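Colleague: Below, each chain spelled out in residue letters.
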Amino acid sequence: MATKEELLQKMSDMVFEMEDEEIADVCEEYIEAGYDALDGILHGLVDGMNRASEMYDQEEYFVTDLLLCSDAMYAGLDVLRPHLPEDASVGEAKKAVIGVVEGDTHDIGKNLVKIMMETAGFEMFDLGRDVPLDSFVEKAKEVDADLIMMSTLMTTTMPGMKEVISKLREQGIRDSIKVMVGGSPISQKYAEDIGADGYSRNAVEAVEVAKRLCGVE
Amino acid sequence: MTTANERLIKILSGMKADRPACICPGGMMNMVTKALQDVCGVYLPEAHTDARMMADLAKAIYDNECFENYGVPFCMTVEAEALGASCTMGTQLFEPHVTGYAIDTVEDYRKLKPMDLEAGRAKVTLDAIRLLKAETKDVPIIGNIVGPVSVASSVCEPTRYYKQMRQKRELTHEYMQFVTDDLIRFALAMIDAGADVIALSDPSGTGEILGPKFFDEYAVTYINQVVDAVEAAGAKMIVHICGQMKSVYDKVAKIHSDAFSFDAVVSLREARKNLPDKVIMGNVSTFAIEMQDEKTVDKLTRSSYANGSDIISPACGLGMGSPLSNVQQVLKTVKTFAE
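Here the protein sequences come in this chain order: A and B.
In terms of the numbering used here, the first sequence has 163 at position 163, counting the first letter as 1, and numbering is strictly consecutive.
In terms of the numbering used here, the second sequence has 107 at position 107, counting the first letter as 1, and numbering is strictly consecutive.
Worth flagging that the hints you see were computed from the coordinates, not collected in a lab.
Hints are not guaranteed to be accurate.
What the hints assert, rightly or not - Keeping only pairs whose Cα atoms sit at most 25 Å apart, straight-line, the calculated DSS-like set for lysine-lysine is: (1) Lys295(B) x Lys16(B); (2) Lys295(B) x Lys162(A); (3) Lys168(B) x Lys189(A); (4) Lys139(A) x Lys211(A); (5) Lys34(B) x Lys162(A); (6) Lys133(B) x Lys59(B); (7) Lys162(A) x Lys189(A); (8) Lys189(A) x Lys246(B); (9) Lys168(B) x Lys111(B); (10) Lys10(A) x Lys95(A); (11) Lys251(B) x Lys299(B); (12) Lys16(B) x Lys213(B); (13) Lys213(B) x Lys189(A); (14) Lys213(B) x Lys273(B); (15) Lys59(B) x Lys111(B); (16) Lys133(B) x Lys189(A); (17) Lys139(A) x Lys95(A); (18) Lys113(B) x Lys163(B); (19) Lys299(B) x Lys10(A); (20) Lys123(B) x Lys113(B); (21) Lys141(A) x Lys95(A); (22) Lys273(B) x Lys167(A); (23) Lys10(B) x Lys163(B).
This one's a predicted model, so the numbers in the text were calculated from it and none came from an experiment.
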């Protein structure tokens with residue numbers, strides 16, 4: 001029988017190598033052997049996803065690769081999650097509201113950021129694409145979010161991000177929520193000019209910035 | 001005196017002109033602003049669906065000394081909508097965008113019908129080009145088409161599409177061929193209607209998204225089919241490449257296009273070095289045009305020229321809130337480069 005370490009390595013490898021078909025079987029085998037589900041997630045699935053992000057950083061993996069890796073990770077999560085003990089909330093997860101601003105429907109980048117944020121342990125509230133600006137503010141208040149993440153791929157919808165920040169200010173909650181922006185026409189300079197707290201060029205970097213802003217680790 | 005059309009065609013043919021051209025093609029490279037709509041009294045979203053208004057708004061850009069070209073359409077959704085995706089026409093400030101995909105998986109592409117060029121906004125665009133051709137002279141008319149990967153991922157749900165690109169390559173190639181054949185048909189109809197130049201942007205098919213291997217396999221292959229067809233029909237071709245180029249310079253060099261336009265993140269000096277024999281267009285920061293002042297725009301325009309740009313243009317679509325005086329400054333500065 002495979003040891004715990006062997007199975008964890010196998011799960012990690014399958015995520016890393018985008019094998020989303022057999023990974024459920026390996027996760028079943030892992031659970032049947034009586035190993036800890038949380039360890040399986042963190043040291044198996046998430047480990048594989050982290051290895052994939054390292055490759056992305058080195059420009060060996062690209063967006064399409066990460067999407068396939070995350071498919072494998074989610075296929076594994078579906079098996080492991082029901083076996084987590086009731087009280088296995090991993091400390092107090094930070095909450096982030098994410099969406100593509102009104103006027104734009106390109107959401108591949110946003111989806112990838114969401115995946116990487118979930119992998120890093122954030123609780124994500126995904127508003128989807130073409131999101132009315134008020135919805136960011138409302139959702140953030142409703143779930144008491146630590147962070148709002150907005151993206152757009154179109155130059156014409158960039159000003160919406162600035163408006164969300166003004167709305168937060170009007171409601172008197174700007175100081176209690178961090179704001180991150182991203183998307184191909186956005187730059188660090190633009191983020192600073194509109195008064196956002198953070199900007200990142202890609203999904204992997206987004207997690208680092210989010211952690212820094214929210215004081216995680 | 002050299003006309004705007006002669007100048008652009010000369011430059012696109014690799015010849016020397018009296019000074020750089022200054023254009024903004026339209027399509028993804030949006031050149032309509034709120035201020036311009038107010039000046040000419042023709043408004044979006046109505047002009048997206050009315051050939052007369054589309055032509056008038058395109059004329060206003062030249063007449064108000066923003067850029068030395070006409071260009072239509074003003075969005076990136078004409079092809080996707082004609083192939084079955086649902087779109088909203090947006091507002092005065094928001095561009096039209098796709099709201100629902102025609103197919104959820106690449107397999108279903110066989111259910112798609114080819115674009116009807118005699119109906120909908122494909123016809124509006126072609127009619128607008130006909131009006132511009134009949135009513136104007138000496139100013140280049142640019143027809144804009146959306147790149148093959150961007151159309152494919154606007155018609156088919158994109159996450160699925162990007163995955164199938166590597167899982168079902170043969171099928172994805174069939175789909176890409178179907179899309180590309182239609183794009184070629186649309187581009188040739190534009191040339192037939194009077195377009196002098198075809199501009200193509202493929203923002204969803206970048207090296208950053210696809211990686212060099214798939215950029216080559218899916219973007220370069222099909223963009224080249226469009227370029228070859230356009231050039232065989234006697235028109236000139238501009239390809240705008242979105243995003244960083246570092247990983248794909250050698251692949252971009254394989255695109256047959258007359259000219260390349262680049263994003264603001266790309267150093268023109270570096271592009272020039274990597275693509276020594278190509279006509280280079282770009283890349284005044286649209287962010288600066290929207291948020292900074294005329295002095296900064298003037299400086300950036302001069303630096304684009306100094307770094308080897310043959311055709312001065314914004315780096316991406318203009319923001320709707322860009323002040324008219326900033327937009328006009330680009331051309332004002334370019335005019336001082338006359339030899």
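Colleague: Quickly compare the C-alpha distance for Lys141(A) and Lys95(A) to 25 Å and report which way the hint goes.
Modeller: holds (11 Å)
Colleague: CA of Lys168(B) to CA of Lys111(B), is that 25 Å or under?
Modeller: Satisfied, since the Cα-Cα distance of roughly 18 Å is no more than 25 Å.
Colleague: Has the given pair, Lys168(B) with Lys189(A), been kept, meaning a C-alpha gap of at most 25 Å?
Modeller: Status violated; Cα separation ~40 Å.
Colleague: Regarding the pair Lys133(B) and Lys59(B), is the alpha-carbon distance no greater than 25 Å?
Modeller: holds (11 Å)
Colleague: Checking one constraint from the list: CA of Lys139(A) to CA of Lys211(A), max 25 Å. Satisfied?
Modeller: holds (20 Å)
Colleague: Starting from Lys16(B), check that the Cα of Lys213(B) is at most 25 Å away, please.
Modeller: violated (35 Å)
Colleague: Can you confirm whether the C-alpha distance between Lys273(B) and Lys167(A) stays at or below 25 Å?
Modeller: Violated - the C-alpha atoms of Lys167(A) and Lys273(B) are around 46 Å apart, more than 25 Å.
Colleague: Holds or violated: are the alpha carbons of Lys123(B) and Lys113(B) at most 25 Å from each other?
Modeller: Roughly 16 Å separates the two Cα atoms, so the pair holds.
Colleague: Against the 25 Å threshold, does the CA-CA distance of Lys10(A) and Lys95(A) hold or violate the hint?
Modeller: Since the Cα atoms of Lys10(A) and Lys95(A) sit roughly 31 Å apart, the hinted pair is violated (cutoff 25 Å).
Colleague: Holds or violated: are the alpha carbons of Lys295(B) and Lys162(A) at most 25 Å from each other?
Modeller: holds (24 Å)
Colleague: Decide if the proposed pair is consistent with the structure: Lys59(B) and Lys111(B), CA atoms, cutoff 25 Å inclusive.
Modeller: Roughly 39 Å separates the two Cα atoms, so the pair is violated.
Colleague: Check the hint pairing Lys213(B) with Lys189(A) against an upper bound of 25 Å on the C-alpha distance.
Modeller: Outside the cut-off at roughly 32 Å; violated.
Taken one by one, the earlier hints fail for this structure at numbers 1, 3, 10, 11, 12, 13, 15, 16, 19, 22, 23, listed in ascending order.
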